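S.K.: Sequence:
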Amino acid sequence: MDVSRLGNEISLHSNITQQRLKSETERLSSGLRINNAQDDPSGLAISESLRALASGVDTGAQNLRTANNLLTVGDGALSTTTDILQRVRTLLVESNSDITSAGDRSDIQTEVTQLLQEVNRISGNAKFNNISLLDGSLSNKGAQNASVIERPAKLDETTGLLPPRFVTDADTFGNPGPLIANPVVGNGVSASWLQFKITDYQNPAFDPTTGLPVVPPGPGIYLNVIAYGGDPAFGPQIVATSAFATGVGPIPSASITTQGTPAQSILQFDLPNFSQADVGVAQSFQTVRDTPPDGGQPLQISSGHVEGDVLPVGLPNVSTSALGISYVSVYPTPDVSDTANPPVPGTSVDAAATDGLYRIDLALEAIGYARAQVGAQTVAVENAISNNELQGVNITASESNIRDANLAAEATAHTKDQILVSVQNQLLKTVNLNAQDVLKLFGGGR
Numbered sequence: 505m506d507v508s509r510l511g512n513e514i515s516l517h518s519n520i521t522q523q524r525l526k527s528e529t530e531r532l533s534s535g536l537r538i539n540n541a542q543d544d545p546s547g548l549a550i551s552e553s554l555r556a557l558a559s560g561v562d563t564g565a566q567n568l569r570t571a572n573n574l575l576t577v578g579d580g581a582l583s584t585t586t587d588i589l590q591r592v593r594t595l596l597v598e599s600n601s602d603i604t605s606a607g608d609r610s611d612i613q614t615e616v617t618q619l620l621q622e623v624n625r626i627s628g629n630a631k632f633n634n635i636s637l638l639d640g641s642l643s644n645k646g647a648q649n650a651s652v653i654e655r656p657a658k659l660d661e662t663t664g665l666l667p668p669r670f671v672t673d674a675d676t677f678g679n680p681g682p683l684i685a686n687p688v689v690g691n692g693v694s695a696s697w698l699q700f701k702i703t704d705y706q707n708p709a710f711d712p713t714t715g716l717p718v719v720p721p722g723p724g725i726y727l728n729v730i731a732y733g734g735d736p737a738f739g740p741q742i743v744a745t746s747a748f749a750t751g752v753g754p755i756p757s758a759s760i761t762t763q764g765t766p767a768q769s770i771l772q773f774d775l776p777n778f779s780q781a782d783v784g785v786a787q788s789f790q791t792v793r794d795t796p797p798d799g800g801q802p803l804q805i806s807s808g809h810v811e812g813d814v815l816p817v818g819l820p821n822v823s824t825s826a827l828g829i830s831y832v833s834v835y836p837t838p839d840v841s842d843t844a845n846p847p848v849p850g851t852s853v854d855a856a857a858t859d860g861l862y863r864i865d866l867a868l869e870a871i872g873y874a875r876a877q878v879g880a881q882t883v884a885v886e887n888a889i890s891n892n893e894l895q896g897v898n899i900t901a902s903e904s905n906i907r908d909a910n911l912a913a914e915a916t917a918h919t920k921d922q923i924l925v926s927v928q929n930q931l932l933k934t935v936n937l938n939a940q941d942v943l944k945l946f947g948g949g950r
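In this text, residue positions in the sequence shown follow the numbering used here: the first is 505, and each later residue adds one.
Calculated from the structure, these hints are not laboratory results. These numbers come from a predicted model, not from an experiment. Misleading hints may appear alongside valid ones.
Mimicking DSS-like on lysine-lysine, the simulated pairs with C-alpha atoms at most 27 Å apart in a straight line are [what the hints assert, rightly or not]: (1) K645 to K933; (2) K645 to K920; (3) K645 to K658; (4) K933 to K920.
If you anchor each label on the Cβ, the simulated ranges turn out as follows [to be verified]: (5) V783 to S757: 22 to 32 Å; (6) E869 to G646: 12 to 22 Å; (7) N686 to P797: 22 to 32 Å; (8) A647 to S757: 24 to 34 Å; (9) K631 to I755: 50 to 60 Å; (10) E886 to K631: 34 to 44 Å; (11) Q804 to E886: 39 to 49 Å.
Ideal placement from N, C-alpha and C gives every residue a C-beta, glycine not left out.
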């Protein structure tokens, strides 16, 4: 009985050791602590959840890298557009010079037209994975109200300096004030460039159109206005001079209107009180018309492992229409002519170039802002990628800690159990031999 019990115990422990050895061999060969559910049921469930989490984070990082590539393509197109507009600006400056001949100006206009067409081509054709980037479809910019921007007036031809913009006695109480106050853009009028300048003082003041004295008669000054708009819908360029009496107080709610039918208010403003000392005072303005919203929508980049974890990526509309430079030209538009008040020779070309320069400057400013936004989005995307990569490393480490085998420990246990199996087999062999010896004794006793 003792021999039989000893053999059973050795056999039992040998079976247990061999089961462990089997598990250890499986772990060493797969590198995993959990190879099936029975190894660690709860650990397997947690591990699978962490695996799904890590996979989502890694996929989000890949999406963000693709978005980063998209932004790089968009910024490259914006950079090219900037270079084109810088060239257009150079050409406008070149054209606005008395030493530029009519033939030279014609060649310049040909290049300007081609360059503006290229801006539109880039706006329409810049794509990434067949997604249009710069046509406004990725922009949700809201509507922009019409606005007025004061610009430097023309340099004084005598001194070469900027003329003053303040009259000496704006309110008849000895206080100086601007030549044009509270300017407001008229509704629905295309963008325009305007310059106001007090050009002369006479006594008495006569209306240059009718030749009649102004009312009340007496000393007066002459205010010259140039209003230019490249859009043919603007109507004829306005070059007019009006006479105003001096010392009669401010004039509220004056306006400049188009010469088309019906006439529309280009700009409403207040005029100050005038005096003889104000000759040479000048102010220049750029009006920017209201624009509708882009109506697009930024791309929503899935950046994480849960729904709603998205990063918006948007790009602007850089067509010539959106930038307000469709009618930039070194010449006035062909429709712009005023037979009743012919402009001073050279004034039309000068006004067109000045208007074009200001509009190109606004466009360059808009694109510069857009590129800054693209850069900020790129930084945000790169930070999100770094965050995802950090999350992925830590989640994978947590999953590995649960699921992966400790190879050193498993190798040690495997070696130990191999020794145990060898010893147990030897013991079983010894027990069997002892049992046979006992049987021989009983057999020999008969």
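S.K.: If a hint holds in the structure, say so; if it doesn't, say that too.
M.R.: Do the hints match the structure? See the list:
Our distance criterion of 27 Å between C-alpha atoms is broken by K645 and K933, whose separation comes to about 88 Å. About 71 Å separates the Cα atoms of K645 and K920, which puts this hinted pair outside 27 Å; it is violated. For the hint pairing K645 with K658, the CA-to-CA distance comes to about 34 Å; that exceeds 27 Å, so the pair is violated. For the hint pairing K933 with K920, the CA-to-CA distance comes to about 20 Å; that is within 27 Å, so the pair holds.
Taken as a hint, the range 22 to 32 Å holds for the pair V783 and S757, whose Cβ atoms sit roughly 24 Å apart. Checked against the hint of 12 to 22 Å, the C-beta distance between E869 and G646 comes to roughly 18 Å, which is consistent with it. For the pair N686 and P797, the supplied restraint of 22 to 32 Å holds, since their beta-carbon distance comes to about 28 Å. For A647 and S757, the Cβ-Cβ distance of about 26 Å falls inside the hinted range of 24 to 34 Å, so the restraint holds.
A hinted range of 50 to 60 Å for the beta carbons of K631 and I755 is consistent with their spacing of about 55 Å. Remark: the range hint 34 to 44 Å for E886 to K631 is contradicted by a beta-carbon distance near 23 Å. For the hinted restraint 39 to 49 Å between Q804 and E886, the CB-CB distance of approximately 18 Å leaves it violated.
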